[in-house]
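> Put chain B on the given structure of chain A with help from the hints.
2 protein chains.
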Amino acid sequence: MGMNPKQVLILGGGFAGVYTARYLEKLLRPEEASITLINRENYWVYQPMLPEVISGSIGLTNVVSPIRRLCPRSNLIMREVEDIDLKRRMVTISPGFRPRQLQLNYDHLVIALGNVTNFHGMPGLMENAMPFRTLADAIVLRNHLIHVLEEADVEEDPEPRRQLLTFVVGGGGFSGVEVMAELNDFVRSVKGNYLRLRNQPHRCVIVQAGDRILPEMSETLANFAQRILRKRGVDIILNDRLKAATSERAILQSGAEIPCKTLISTVPSALPPVIQRLDCIKERGKLLVNIRLELKDYEGMVWALGDCASIRTPAGAMVPPTAQHAVREAATVAVNIAATIRGGRPAVFRSESFGTLGSLGHGAAVAQICGVKLSGFLAWLLWRCIYLMKMPGLNRKVRIAADWLLHLLFPPELAQTKVAFESGIRNQHFEPGDIIFHEGDRGDCVYVIEEGECDVLCERKGSEELVATLHRGEYFGEMALLSDRARNATIRARRAMNVLIIPRADFDKLRQSVPAFGDVFSALAQRRMVAK
Amino acid sequence: MGMNPKQVLILGGGFAGVYTARYLEKLLRPEEASITLINRENYWVYQPMLPEVISGSIGLTNVVSPIRRLCPRSNLIMREVEDIDLKRRMVTISPGFRPRQLQLNYDHLVIALGNVTNFHGMPGLMENAMPFRTLADAIVLRNHLIHVLEEADVEEDPEPRRQLLTFVVGGGGFSGVEVMAELNDFVRSVKGNYLRLRNQPHRCVIVQAGDRILPEMSETLANFAQRILRKRGVDIILNDRLKAATSERAILQSGAEIPCKTLISTVPSALPPVIQRLDCIKERGKLLVNIRLELKDYEGMVWALGDCASIRTPAGAMVPPTAQHAVREAATVAVNIAATIRGGRPAVFRSESFGTLGSLGHGAAVAQICGVKLSGFLAWLLWRCIYLMKMPGLNRKVRIAADWLLHLLFPPELAQTKVAFESGIRNQHFEPGDIIFHEGDRGDCVYVIEEGECDVLCERKGSEELVATLHRGEYFGEMALLSDRARNATIRARRAMNVLIIPRADFDKLRQSVPAFGDVFSALAQRRMVAK
Numbered sequence: 001m002g003m004n005p006k007q008v009l010i011l012g013g014g015f016a017g018v019y020t021a022r023y024l025e026k027l028l029r030p031e032e033a034s035i036t037l038i039n040r041e042n043y044w045v046y047q048p049m050l051p052e053v054i055s056g057s058i059g060l061t062n063v064v065s066p067i068r069r070l071c072p073r074s075n076l077i078m079r080e081v082e083d084i085d086l087k088r089r090m091v092t093i094s095p096g097f098r099p100r101q102l103q104l105n106y107d108h109l110v111i112a113l114g115n116v117t118n119f120h121g122m123p124g125l126m127e128n129a130m131p132f133r134t135l136a137d138a139i140v141l142r143n144h145l146i147h148v149l150e151e152a153d154v155e156e157d158p159e160p161r162r163q164l165l166t167f168v169v170g171g172g173g174f175s176g177v178e179v180m181a182e183l184n185d186f187v188r189s190v191k192g193n194y195l196r197l198r199n200q201p202h203r204c205v206i207v208q209a210g211d212r213i214l215p216e217m218s219e220t221l222a223n224f225a226q227r228i229l230r231k232r233g234v235d236i237i238l239n240d241r242l243k244a245a246t247s248e249r250a251i252l253q254s255g256a257e258i259p260c261k262t263l264i265s266t267v268p269s270a271l272p273p274v275i276q277r278l279d280c281i282k283e284r285g286k287l288l289v290n291i292r293l294e295l296k297d298y299e300g301m302v303w304a305l306g307d308c309a310s311i312r313t314p315a316g317a318m319v320p321p322t323a324q325h326a327v328r329e330a331a332t333v334a335v336n337i338a339a340t341i342r343g344g345r346p347a348v349f350r351s352e353s354f355g356t357l358g359s360l361g362h363g364a365a366v367a368q369i370c371g372v373k374l375s376g377f378l379a380w381l382l383w384r385c386i387y388l389m390k391m392p393g394l395n396r397k398v399r400i401a402a403d404w405l406l407h408l409l410f411p412p413e414l415a416q417t418k419v420a421f422e423s424g425i426r427n428q429h430f431e432p433g434d435i436i437f438h439e440g441d442r443g444d445c446v447y448v449i450e451e452g453e454c455d456v457l458c459e460r461k462g463s464e465e466l467v468a469t470l471h472r473g474e475y476f477g478e479m480a481l482l483s484d485r486a487r488n489a490t491i492r493a494r495r496a497m498n499v500l501i502i503p504r505a506d507f508d509k510l511r512q513s514v515p516a517f518g519d520v521f522s523a524l525a526q527r528r529m530v531a532k
Numbered sequence: 001m002g003m004n005p006k007q008v009l010i011l012g013g014g015f016a017g018v019y020t021a022r023y024l025e026k027l028l029r030p031e032e033a034s035i036t037l038i039n040r041e042n043y044w045v046y047q048p049m050l051p052e053v054i055s056g057s058i059g060l061t062n063v064v065s066p067i068r069r070l071c072p073r074s075n076l077i078m079r080e081v082e083d084i085d086l087k088r089r090m091v092t093i094s095p096g097f098r099p100r101q102l103q104l105n106y107d108h109l110v111i112a113l114g115n116v117t118n119f120h121g122m123p124g125l126m127e128n129a130m131p132f133r134t135l136a137d138a139i140v141l142r143n144h145l146i147h148v149l150e151e152a153d154v155e156e157d158p159e160p161r162r163q164l165l166t167f168v169v170g171g172g173g174f175s176g177v178e179v180m181a182e183l184n185d186f187v188r189s190v191k192g193n194y195l196r197l198r199n200q201p202h203r204c205v206i207v208q209a210g211d212r213i214l215p216e217m218s219e220t221l222a223n224f225a226q227r228i229l230r231k232r233g234v235d236i237i238l239n240d241r242l243k244a245a246t247s248e249r250a251i252l253q254s255g256a257e258i259p260c261k262t263l264i265s266t267v268p269s270a271l272p273p274v275i276q277r278l279d280c281i282k283e284r285g286k287l288l289v290n291i292r293l294e295l296k297d298y299e300g301m302v303w304a305l306g307d308c309a310s311i312r313t314p315a316g317a318m319v320p321p322t323a324q325h326a327v328r329e330a331a332t333v334a335v336n337i338a339a340t341i342r343g344g345r346p347a348v349f350r351s352e353s354f355g356t357l358g359s360l361g362h363g364a365a366v367a368q369i370c371g372v373k374l375s376g377f378l379a380w381l382l383w384r385c386i387y388l389m390k391m392p393g394l395n396r397k398v399r400i401a402a403d404w405l406l407h408l409l410f411p412p413e414l415a416q417t418k419v420a421f422e423s424g425i426r427n428q429h430f431e432p433g434d435i436i437f438h439e440g441d442r443g444d445c446v447y448v449i450e451e452g453e454c455d456v457l458c459e460r461k462g463s464e465e466l467v468a469t470l471h472r473g474e475y476f477g478e479m480a481l482l483s484d485r486a487r488n489a490t491i492r493a494r495r496a497m498n499v500l501i502i503p504r505a506d507f508d509k510l511r512q513s514v515p516a517f518g519d520v521f522s523a524l525a526q527r528r529m530v531a532k
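Which chain is which? The protein sequence lines are A and B, in order.
All residue numbers for the first sequence refer to our numbering, where the first residue is 1 and numbers rise by one.
All residue numbers for the second sequence refer to our numbering, where the first residue is 1 and numbers rise by one.
One or more of the hints may lead you astray.
Claimed, not checked - 25 Å max Cα-Cα, derived BS3-like pairs, lysine-lysine: (1) A:Lys-418 x B:Lys-418; (2) A:Lys-373 x A:Lys-231; (3) A:Lys-397 x B:Lys-191.
To be verified - Quick list of the computed label-pair ranges, beta carbon to beta carbon: (4) A:Arg-100 x B:Glu-453: 25 to 33 Å; (5) B:Asp-508 x A:Gln-526: 22 to 30 Å; (6) A:Arg-472 x B:Arg-40: 37 to 45 Å; (7) A:Lys-87 x B:Asn-199: 35 to 43 Å; (8) B:Leu-388 x A:Leu-195: 26 to 34 Å; (9) B:Lys-461 x A:Glu-283: 50 to 58 Å.
Unchecked claim - What the simulated footprint calls covered on chain B by chain A, stretch by stretch (three residues with Cβ under 8 Å from a Cβ of chain A suffice, anywhere in the stretch; the number is not a length): (10) 75 to 81; (11) 133 to 139.
Bear in mind the hints are in silico, worked out from the structure with no lab data behind them.
The beta-carbon is built from N, C-alpha and C at its ideal position, and this holds for glycine as well.
Bound conformation, chain A alone (with noise of 0.2 Å):
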């Protein structure tokens, strides 16, 4: 002590690293102990709002708050967090702009480095479902809705209209639920500036795994729920869930298929790779803690907490992994650490549940608190009261309440915000039956079959041809792009499917400056057009 400052290290930003380093500052003076933080991002999601990023009844850096501002006696590293060496006491972390790795010790070590989402098994959904988690999933969202409404208000068909504006979001907790909410409302607040769509319908629907949504409330507000959803036009589809999905529809475990062009996931999530990697006592996969919330054979080095932590109250109960118990854990390993450092009584984590709060948009919510239930505009009071008391600082206190305010004043906002579109070598998913793409379109990338197959139509004297049928590691598209003309042919898949997409700008530098790669395909097309 004195002289050495303890290296105190946390992996991850969410609520339970951001309040260990705050309650740190406030337990430790600075020779005492060094704080590090280290997160993907410079921000703190302040999940409870992130939904209203959609609608933009918040701005969209108002939802988050600086990790700097927020302990500023931290040191803040921007990264991601490679490696755990419990044994050597090291992280490893990923390279910044120079490409080496950075490798930082530790007296003590905090893992609060929550979940991933996790689409394996689920063909198609990596490619297709949004994810809803980070402000950037949030702004890819809102960019998103408003590029889809932007092709609604150009599609003169009706079959494709429908399609982009159907909105599928999977899973009916509070998140699904609160998502969907604000994606709703947001949608039939801007229709009315798009000329072709003000009369069109769009068509919201919510696909749940059990028997009703919000399984985190009672079954009266969750029905109340449920019942302000519907008659705002929301579908609730319960008992199924998504199974597979392409870029032109959802499929559900049931069968049933949702033609959309939106298709959010807030299910399911898996543990951080680096912990799965992690070799200790784990609990279903996730890292096992006493009711001081040390690490089995760690303790006085290692805490975990969060939703990455298998944490029971002494009686014995699971804690449920929330924002408030973990907030209230963050506290417990503060103080834990510091009567490691500084010698004292350590804390036991207690878990006490103050209740839960969803916004189901628009001037509703449901709300269970201290035992007593409540719904309607009351409870959406409460909710906002609630959660901007609870987001630090004065800065974003006010910030926020002056988007809500003239959000009451003004439209919601329609610019679209995006950087940069889409583009590079990507993955796809296809179900038999679906067109790649159509004779007569334009080329505009050359495919590679990962998996299945697929048949090559043409139309001949009015009747579609088959002309071909091609399997895995076979190459497709490739002669619009070389000929620069039309597609010459309808490519359908036989059997479900997974592609790489090589876009143009690619393909055409690749084949340039590596012409192996290009010798591949012009040799193809020239075979291809022998053929024919």
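Chain B in isolation, oriented as in the chain A frame:
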């Protein structure tokens, strides 16, 4: 007339295009004309305030205004203009979700496509200089600034840290000066939040080709601006210009080099390719119009205005390409289209400049209005009042005023709104002597030499040994990716090089899907391994 409204097509959604639509909506009834506007974005950018996005003194979406709200009676199509066929009176626009172009016929056409950034003949500028025209540019720059500050805070080495804290703007006109003023204000005010940067100096440099900045203004005002900027720590380099750039530095005509990670270029510009391809009479590339702003040979059918048109006053003087003039030109075009449709006297364009205003950030500006010159705080107040007044719509006015107020009370935003890391196959430029990578670095991409030469160097017995020289068409960097080890050599450019960079993710996908592509690199790695 009556039943069949005339089709008026407006290309471009800048000041010129949007104001033409607005005036036309006032002059013509819906049964007289159906107005369609085509623009890449669904918003109009209020250019004078765009630099304020950098410091966040105005919310990200408040410097733009949704075109659908500005022109509620016009059809907006959010696509790119790909071709204009004057003979067949048809405009082709880019595809949306479906890969089919859209073709639109018109009775009257308004061309207001502005100009585009053009770095032709300036090696490395395309890859490393950031433009500053659109909201996307401003957001990208803001996120980049936060990124370099975050990295500078982590960097231990003083040399790279100095480079990360150097900011260069090419072009000392209004745009360059305003961008630099805002950038400097932003960096200065947030640096305090970075524990290790607090006491570090940062460097701002403006490079201007002429012998003073702000050539749009009188010399006294330009000198005043120069003094203010210098007092605030901005270096101004005169009589020099950007010649080339790498990812590590800016290179000037004079041979001077400035190590930096941030290079913004507000010059030079060229006409959009679709205008370059247009077969009609032009003057220095711009569309030549008469005093009624009609395109030569297409009088009564096609009008051109704004930055893509060559416009002269009745007296023969060139009209400068500013927002003020664009708005006046729009009024003339709208009157003339109305006159053509319902008969009446056409209008002649008369240019009258009200004055010029330039912000120097943080309570200082220069103004030259109706012959009166102003500078300092008064000019800055005037700047804010005039531009706030000129912003159309109460909604935006109130939001901007609220933003300014909050900006006075609270420190600027610091959250990065970055949506995705730059990735994908891309080009890069290196100058002789540049290190492409160091032995021991992590291998994260493969390189193809498109032009130039480089040396392969290995550390042997403590000294650097030249192992090979690689030329155009050769590859390097594959070994680290194939073996998943660190770089086993240092690569240094011998001559100026242009390379294609294939990042690991794309490289792995291509190798798996196109075996011939992978074979090229594994054969090469094998040969090199043996030779070693």
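> For every hint, state whether the structure bears it out.
Cross-check of the supplied hints:
Restraint check for Lys-418 of chain A and Lys-418 of chain B: satisfied, since their Cα atoms lie roughly 10 Å apart, inside the 25 Å limit. With a C-alpha separation of about 21 Å, the suggested pairing of Lys-373 of chain A with Lys-231 of chain A holds against the 25 Å cut-off. For the proposed pair Lys-397 of chain A and Lys-191 of chain B, the alpha carbon gap of about 23 Å is at most 25 Å, so the pair holds. Evaluation of the 25 to 33 Å hint for Arg-100 of chain A and Glu-453 of chain B yields a pass: the beta carbon distance comes to about 26 Å.
The hinted window of 22 to 30 Å between Asp-508 of chain B and Gln-526 of chain A holds, with their beta carbons roughly 28 Å apart. Take Arg-472 of chain A and Arg-40 of chain B: their Cβ atoms lie about 39 Å apart, and the range 37 to 45 Å holds. Between Lys-87 of chain A and Asn-199 of chain B the CB atoms are about 38 Å apart, so this pair conforms to the stated range of 35 to 43 Å. Range check, Leu-388 of chain B to Leu-195 of chain A: Cβ separation about 30 Å, and the 26 to 34 Å hint holds.
Hint check: Lys-461 of chain B to Glu-283 of chain A, Cβ distance near 53 Å, so the stated range 50 to 58 Å holds. Counting residues of the segment 75 to 81 of chain B whose CB falls under 8 Å from any CB of chain A gives 5; the rule of at least 3 is met. Counting residues of the segment 133 to 139 of chain B whose C-beta sits closer than 8 Å to any C-beta of chain A gives 3, which meets the bar of three, so the coverage hint holds.
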